[in-house]
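There are 2 protein chains.
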Amino acid sequence: MANATASKTYKVPQPLPLDSGQVLEGVDIAYETYGELSEDKSNAILICHALTGDQYVASTHPITGKPGWWERMVGPGLPIDTDRFHVICANVIGSCLGSTGPASEAADGQPWGMRFPVITIRDMVRGLVALLDGLEIGKLHAVVGGSMGGMQVLSLAANWPERAERVLAIATTARHSAQNIAFHEVGRQAIMADPNWQDGNYYGSNSAPDAGLAVARMAAHITYLSEEGLTEKFGRRLQDREVPSFGFDADFQVESYLRYQGSGFTRRFDANSYLYITRAMDYFDLAEEHGGMLANAFANHPARFCVISFDTDWLYPTAESRHVVHALNAAGAKVSFVELSAPYGHDSFLLDVPALDRVVKGFLA
Amino acid sequence: MANATASKTYKVPQPLPLDSGQVLEGVDIAYETYGELSEDKSNAILICHALTGDQYVASTHPITGKPGWWERMVGPGLPIDTDRFHVICANVIGSCLGSTGPASEAADGQPWGMRFPVITIRDMVRGLVALLDGLEIGKLHAVVGGSMGGMQVLSLAANWPERAERVLAIATTARHSAQNIAFHEVGRQAIMADPNWQDGNYYGSNSAPDAGLAVARMAAHITYLSEEGLTEKFGRRLQDREVPSFGFDADFQVESYLRYQGSGFTRRFDANSYLYITRAMDYFDLAEEHGGMLANAFANHPARFCVISFDTDWLYPTAESRHVVHALNAAGAKVSFVELSAPYGHDSFLLDVPALDRVVKGFLA
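Line by line, the protein sequences give chains A and B.
Going by the numbering used here, the first residue of the first sequence is number 21, and it counts up by one from there.
Going by the numbering used here, the first residue of the second sequence is number 21, and it counts up by one from there.
To be clear, the hints were calculated from the coordinates, so they are not data collected in a lab.
Among the hints, erroneous ones may be present.
Unchecked claim - To give an idea of the interface, some chain A residues facing chain B are shown, with a C-beta separation under 7 angstroms as derived from the structure: (1) 202; (2) 274; (3) 280.
In this text, a Cβ means the ideal position worked out from N, Cα and C, and glycines have one as well.
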């Protein structure tokens, strides 16, 4: 993985307390902004990114050179309109695009590696709230995120209820299920089984656990797509051949696609970050943080909520969103909920779903 | 993996032609039998095993010491009643429990390794039919199998229509979907990424690609269980602790369970066999073998068919069974179809589902 430099870095002046009881000092938060902040600072929207996402929501990724991951949603005249809103997107702590994570230097000048403390979704949000404090933004117009971004959105709403007027959680869940944990565990075991992982001490060596990280990414990638979507996109079509090779090359297009996803990922992501962030997601259980009752997380909540799910998302299926909405209703919160129909599975929140654009635009208006 | 000796081995006298165009010579088929063969040889039932199954359907596994994999179904007075039927179960070629596979000796006295020819489901069935020929069993009372066993059942019915009076296909499909292929590809990549794999030349060395094989098994295992089943069995319960460790141990029961499944598997299964058998399954497309029309596979078929699916099986969902049944109906075949309700996902065919017992017993009567 190459090093990336974020365009802006906020140095959190105070130590960041973590759910584990540990404290993280000298935290950097790398972030991007789009659009002008209004004089009364009332037009800021915080976008929270997903597991392998980053702050480059609507600008070119410095390593891949690819467009931002939500350029179809964020920009002038788009649903999250940068002509109207000041959009902030920060790399979460634990990640590897400029914010403090396992690849960062610890106090002894060596990379943290696996000495980095295990963090939670709430710890990530602590970092984001510290950034908002630094930017002197008291109340966001909205906090928005899909997948793990949605977990941060719910965590921010539950733990800092005064910080956002609107809370938009897309394709997400208030808790990681046994199946969610299981898939992440496969990925972690794939990384840890790679001899190049070396207990996380591979920084500065010539070889990172790329093979293991690629397998982890491949397994996860399957969960991001629907069965129907895979069938429609690839079916049983062969790759660059008319008849099967009767060998172990990537005969099928879906194999070739997965290998490409796996190897491309290792160029832009750090394996230890993958371990830490998946762990944070697995630990996520918003009800458990609030006495076992999800409704308690949202008691007397002042914000307006919007929850969106996709009918083909089997990673965080609609039932999980409904669970959140029931809790919000039980807490008397203002919430609208919509299940959208889209063929792409979990990844629908990143793809061309015009109905999503309309709901997002309407909710932020 | 330890070596296993089957109680009986049939040496196929003639070379076995394969779909790849290659020919396999000196094939051994390891098999077990249960119950007496009647004088007119009319009471034989062939049971076909799944990906990681073997011939020990109702007898103790020689490596693990565990009971046979279908002891609840096969035995005196059980649905597949060995007081009435002569049950045959053979290890498929490509596997590692005594039948010829990549761990077997090639003509040069060295293990085949990856020089073993890529085989198909139909090739496996060629081996089984050779065994039936050797045993002089012309027509089976029934051929029965679940999962990959069901693929063999359908392949035998389509290609050797006179060899079985009854055809019972459980929790299976007539073709591997893009998602099915994708999961298998993750497993293969995990094995091949393990440096101990050494391009398949690990036999006789001190180390096999156990770490990669364990990851492959873990990923596959998730697909064998339903989301609801995982939630019911494990939920988010912690393993041997009250609070999370904030580390990378198996905090959650589901992690501990998966690790156990992965490491246990490497003791009884050969990584190269896993590559070859998953490849055979991925190549399986019964319609494609028959001019692109599944109904052609069953034209004027003399047998009675029974197709069984499970409502929580997301690996080979009911829609795949329905697809088979439509083809059988279109071909004018005698077929009954039932979708059973069971909470266990794909693994339901191996577990305590009384309705399955009743359907199997009734169909074989």
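Verification of the hints:
The beta carbon of residue 202 of chain A is positioned within 7 angstroms of a beta carbon in chain B (closest approach about 5 angstroms), and the interface hint is therefore held. About 4 angstroms separates the beta-carbon of residue 274 of chain A from the nearest beta-carbon of chain B, less than 7 angstroms, and the hint is met. Below 7 angstroms, beta-carbon pairs count as interface contacts, and residue 280 of chain A has none with chain B, the closest being about 12 angstroms; its hint is therefore violated.
In the structure shown, a violation is registered for the earlier hint numbered 3 alone.
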